[in-house]
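Asker: Chains as they are written, first to last, in this note's numbering: chain W, 1 to 543; chain H, 1 to 543.
Hints in this document: simulated from the structure, not taken from any laboratory. Keep in mind that a hint or two might mislead.
[Said to hold, decoys possible] With a Cα cut of at most 25 Å, we get these calculated DSS-like pairs of lysine-lysine:
no.	chain 1	residue 1	chain 2	residue 2
1	H	K406	H	K381
2	W	K119	H	K3
3	H	K3	W	K406
4	W	K64	H	K3
[As the list claims (entries may be wrong)] Over 12 Å on every C-beta distance to chain H, these chain W residues come out as not near it, computed from the model:
no.	residue
5	I53
6	G66
7	I135
8	I145
9	G154
10	H299
11	L321
12	S399
13	R439
14	L489
15	V494
Ideal Cβ placement from N, Cα and C applies to all residues, glycine included.
2 protein chains.
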Amino acid sequence: MAKMANETGLTKCAANYVPLTPLSHLKRARDVYPNRDALVYGARRHTYEEYYIRCSQLASALEKQGIRPGEVVSTICPNIPAIIEANFGVPASGAVLNTINTRLDADTIAYILAHSEAKIVLVDTQFIPVTLEAISTMTTDAPTIIEVADATAGFPPTGKHVEYEDFIAGGDPHHAWHMPEDEWDAISLNYTSGTTGRPKGVVCHHRGAYLMTMGTALSWQIGLYPKYLTIVPLFHCNGWNHTWMMPSLGGQITCCRDITAAAIFDAITAEGITHFGGAPIVLNTLINATADEKKCFNHEISVLTAGAPPSPATIKGAEALGFKVMQVYGLTETYGHVTECIEPNEWMALPDPERYTKMARVGVQYPMMENIEVVDQDTLKSVPRDGKTIGEIVIRGNSVMKGYYKNPSATAEAFDGGAFHSGDIAVCHPDGYIQITDRMKDIIISGGENISSVEIENTLMSHPAVSLCAVVARPDEKWGETPCAFIELKDGVVKPSDAEIIAHTRKYLSGFKCPKTVVFQELPKTSTGKIQKFELRDVAKVL
Amino acid sequence: MAKMANETGLTKCAANYVPLTPLSHLKRARDVYPNRDALVYGARRHTYEEYYIRCSQLASALEKQGIRPGEVVSTICPNIPAIIEANFGVPASGAVLNTINTRLDADTIAYILAHSEAKIVLVDTQFIPVTLEAISTMTTDAPTIIEVADATAGFPPTGKHVEYEDFIAGGDPHHAWHMPEDEWDAISLNYTSGTTGRPKGVVCHHRGAYLMTMGTALSWQIGLYPKYLTIVPLFHCNGWNHTWMMPSLGGQITCCRDITAAAIFDAITAEGITHFGGAPIVLNTLINATADEKKCFNHEISVLTAGAPPSPATIKGAEALGFKVMQVYGLTETYGHVTECIEPNEWMALPDPERYTKMARVGVQYPMMENIEVVDQDTLKSVPRDGKTIGEIVIRGNSVMKGYYKNPSATAEAFDGGAFHSGDIAVCHPDGYIQITDRMKDIIISGGENISSVEIENTLMSHPAVSLCAVVARPDEKWGETPCAFIELKDGVVKPSDAEIIAHTRKYLSGFKCPKTVVFQELPKTSTGKIQKFELRDVAKVL
Chain W
1 MAKMANETGL
11 TKCAANYVPL
21 TPLSHLKRAR
31 DVYPNRDALV
41 YGARRHTYEE
51 YYIRCSQLAS
61 ALEKQGIRPG
71 EVVSTICPNI
81 PAIIEANFGV
91 PASGAVLNTI
101 NTRLDADTIA
111 YILAHSEAKI
121 VLVDTQFIPV
131 TLEAISTMTT
141 DAPTIIEVAD
151 ATAGFPPTGK
161 HVEYEDFIAG
171 GDPHHAWHMP
181 EDEWDAISLN
191 YTSGTTGRPK
201 GVVCHHRGAY
211 LMTMGTALSW
221 QIGLYPKYLT
231 IVPLFHCNGW
241 NHTWMMPSLG
251 GQITCCRDIT
261 AAAIFDAITA
271 EGITHFGGAP
281 IVLNTLINAT
291 ADEKKCFNHE
301 ISVLTAGAPP
311 SPATIKGAEA
321 LGFKVMQVYG
331 LTETYGHVTE
341 CIEPNEWMAL
351 PDPERYTKMA
361 RVGVQYPMME
371 NIEVVDQDTL
381 KSVPRDGKTI
391 GEIVIRGNSV
401 MKGYYKNPSA
411 TAEAFDGGAF
421 HSGDIAVCHP
431 DGYIQITDRM
441 KDIIISGGEN
451 ISSVEIENTL
461 MSHPAVSLCA
471 VVARPDEKWG
481 ETPCAFIELK
491 DGVVKPSDAE
501 IIAHTRKYLS
511 GFKCPKTVVF
521 QELPKTSTGK
531 IQKFELRDVA
541 KVL
Chain H
1 MAKMANETGL
11 TKCAANYVPL
21 TPLSHLKRAR
31 DVYPNRDALV
41 YGARRHTYEE
51 YYIRCSQLAS
61 ALEKQGIRPG
71 EVVSTICPNI
81 PAIIEANFGV
91 PASGAVLNTI
101 NTRLDADTIA
111 YILAHSEAKI
121 VLVDTQFIPV
131 TLEAISTMTT
141 DAPTIIEVAD
151 ATAGFPPTGK
161 HVEYEDFIAG
171 GDPHHAWHMP
181 EDEWDAISLN
191 YTSGTTGRPK
201 GVVCHHRGAY
211 LMTMGTALSW
221 QIGLYPKYLT
231 IVPLFHCNGW
241 NHTWMMPSLG
251 GQITCCRDIT
261 AAAIFDAITA
271 EGITHFGGAP
281 IVLNTLINAT
291 ADEKKCFNHE
301 ISVLTAGAPP
311 SPATIKGAEA
321 LGFKVMQVYG
331 LTETYGHVTE
341 CIEPNEWMAL
351 PDPERYTKMA
361 RVGVQYPMME
371 NIEVVDQDTL
381 KSVPRDGKTI
391 GEIVIRGNSV
401 MKGYYKNPSA
411 TAEAFDGGAF
421 HSGDIAVCHP
431 DGYIQITDRM
441 KDIIISGGEN
451 ISSVEIENTL
461 MSHPAVSLCA
471 VVARPDEKWG
481 ETPCAFIELK
491 DGVVKPSDAE
501 IIAHTRKYLS
511 GFKCPKTVVF
521 QELPKTSTGK
531 IQKFELRDVA
541 KVL
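This is chain W alone, in the form it adopts within the complex:
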């Protein structure tokens, strides 16, 4: 302890100690920016004053419905205003927000609703059928459905459930918010997409969410009054916590229900979007958009990309469109991004290939994090900064989850040794920048050699006909495993032969790293644009 000689009267009190929570940002924004636009969806616009009132009404309506602090309220919604409002309205009732991935099957949704003990679920009309199917299989108490209709998007109310607007209309616009008494209280519960086994529930706290907003604003150099477009689904790490950050900057959130090139370009020009986040696949969608879909704009747009390292071709194409791209890295367990590939001025002078290679690293820790490093998996000691020695990324800091809900053994395992184990394999370069070489389970071990699937993928992406690709291990009697490449081609190109693809990789890679098998097919993806390699592994096994 480091107490002074006399600390009489130096205790915490209401004047000098307030539990950290992103709810404070919206309370302040209502005061500071009451008349600025906070939330836009097509023709709908809400100022901060209106937004605050709608969130208050939601909190009040939830409490009237019987929600008690610490209980769970779920959503099954795309990026529409209701899920944005839920980011404040649900915690403002003291409840915990559980945003469920809309791409999930009924069985998994039923599992999540039961495991979380959700009391209420806000469901977009489009997802009412799958929700009803899920609920029909539940053996525990099912949540009450509040239906969020979106007639403009082609989803008028079914008439069978209380509709969201009617629900919040019953709430008190002057409702006093439930501010957390303890900043360690849960604010959200997000289920990981779990490629094997049941998803795990990641519990995040108010303190971590608040610090994410501060660290992101500091590092993204976002400035006041940003215009943010919701491309990252709100059910993915709560949209990287950007909804919670925006009020601190007087920013505007524009909702984008469908992630299509046309919708994104429309929003950019209509609202003057300045910032968004999205997986590299979203950037590829924009780069490969048709002339009809593309629209001109003459301002720079800052883009955070994550989920996979952007290929040089993706960065180059995105920059040509006017996007300033920075890769960030994180996991649901870390609230989203916790490393960032800050581009030092010196990189601007590098030749393209070298610069793009550096930009494809996940970089360095965000300012709100305490320590992120690559460690040897046996000794837990830092690996040398040589850009070669492989280790696991471990993460320590205030934006790390409380733990997995109702799963103390998985929590203990994840926090083994006093840091969160990411499961991502990486090297650390001499400049301290971390580069992911693979998910632990994505490494291909061929003839005893570790092969990075990412390295092969980057090489494949430089082939002019390749639009998207993924490399996985294919079982092999002689070598144990060999690399198997799955490729999506660009529209209208002449299909190259397998041999041509392999020859292309041989120009850049050692022979043992080159794919032995090539498959042309559409790649299976998660709702957030991540390629589902486990499905491809199943395909590779039976080739």
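Dock chain H against chain W, hints included.
Answerer: Just chain H now, with coordinates in the frame of chain W:
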């Protein structure tokens, strides 16, 4: 409480909970920006790697000298590298930093050294005599002097004390920092300048200092790699906490020992300064600099100003020089600035006088603060947002002091009702922007009417011959008090008559608000450029 149904395993641990402290910023900067310049003073330059090592050596040397966590280390230094390094090195030893105002007399210094029980004091050679004088009067244990010589500035070592460079040379460059176990632990102890009675010791904690850095970086839109010039003395609210913030942005601190127009313009052009803070008087010094002193630069410099509302003439003059000025407001008890006069885009279109009037408000609360408002002093309820009703500014949030050291009754009084009482009198405008009308003790009550001394001062500043002014109450048999104006004239102007000055104010003010007495003299100022009205009140009493 808002606990979830089952919180087993969701407790704090080393992975997910780290006490907030600005020390983390420098640890990260050493990793992320090791080769960037961190600290510059004339020909001296230190990279982040070197800066980190020097701070480690200081921490190590302090511990070797016997400093224990919670003990106090003082400084009596101008803005030179040693005081910057003390901002990290002292807390990195677990000790509490006490930066003593270099303008203080020996008696007050002795009081502070005794009250704080300082064990070590870092003293710039220039201030060795006053320190020795202070220590000679102490009846309690005196601190050990470490002398900080500055030969380049004309202060070579006396040879009678251990010199700072020798002291830290004895420290271990690989010393492990003492990171706080509790973010509520004290990081600093700053004595208020207390115009009456003994100064009070304001104890600040690691949590508040950390959140100051995050909130400031967010709101100042400072971006990466700022070049900051130390004009605000480090002994004033720890230089507004900017030293602690800079590493989070990879920023460079340039030390400025003497606050003269020539030194400031030299630094701006030599180092490409982008940001500084300073009282309006510093801006006036720059505006009124001679042609020889002024230097041209062609980049915009962001300036935070505080301590007094900038007059329209000051804002206009500063903007003409290339400074973007924002007024902020705070007190030692709030770590420095906690409100900011964010300029909405709409103001840019206003006529000058109207815009400058708005910019002279202290504005709205910073994002790290919870609630700052103007309340009725009797009921503690918010005053109406009418721009007219006077009340006291009260402040609640995480950047409010732990309390006054060894003074629980003053602490309890300051926090009465659950918010810190600033003692500043203000109105709140319909847009939520707060405007200070006076320090509680600066209000002039004439014939039962409250008169704002600030309002009269703003009017006087618009007179072309006036360089600086202050208005205080002069006792008056008939009216109780009347306004008495003290004026510093610009160099080389023809001295106006008293009547001409009074006539000038009458153009803008009601008769009862106009000064009845005018005195032309140099104004007494504190080391931070605040005009010492209590001295002028003494003069006015005997006129």
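Asker: Would you mind marking each hint as holding or not holding in the structure?
Answerer: Structure-based check of each hint:
At most 25 Å may separate the alpha-carbon atoms for a hinted pair to count; H:K406 and H:K381 exceed this at roughly 30 Å. Taken as a hint, the W:K119 and H:K3 pair is honoured in the structure, with Cα atoms around 15 Å apart against an allowance of 25 Å. Between the alpha carbons of H:K3 and W:K406 the distance comes to roughly 13 Å, so the proposed pair stays at or under 25 Å and holds. Proximity of W:K64 to H:K3 is assessed by CA-CA distance (about 19 Å); at most 25 Å being required, the pair is judged to hold.
A cut-off of 12 Å between C-beta atoms confirms that W:I53 is not in contact with chain H; the least separation is 16 Å. Separation of W:G66 from chain H is adequate, the least Cβ-Cβ distance of about 15 Å exceeding the 12 Å criterion. With a closest Cβ-Cβ approach of about 19 Å to chain H, W:I135 is found to remain outside the 12 Å limit, as its non-interface label requires. Separation of W:I145 from chain H is adequate, the least Cβ-Cβ distance of about 21 Å exceeding the 12 Å criterion.
No beta-carbon of chain H comes within 12 Å of the beta-carbon of W:G154; the shortest separation is about 37 Å. Against the 12 Å criterion, W:H299 stays outside the reach of chain H, whose nearest CB is about 15 Å from its own CB. With a cut of 12 Å on Cβ distances, W:L321 stays outside the contact zone with chain H, its closest approach being about 23 Å. Once the 12 Å rule is applied to beta carbons, W:S399 is inconsistent with being away from chain H; the minimum gap is 8 Å.
Residue-level check passed: W:R439 sits 20 Å from the nearest beta carbon of chain H, beyond 12 Å. Listed as a non-interface residue, W:L489 keeps its Cβ farther than 12 Å from every Cβ of chain H; the least gap is roughly 40 Å. Here W:V494 stays apart from chain H, with its beta-carbon at least about 45 Å from theirs, past the 12 Å limit.
Hint compliance for this structure: hints 1, 12 are broken, all remaining hints hold.
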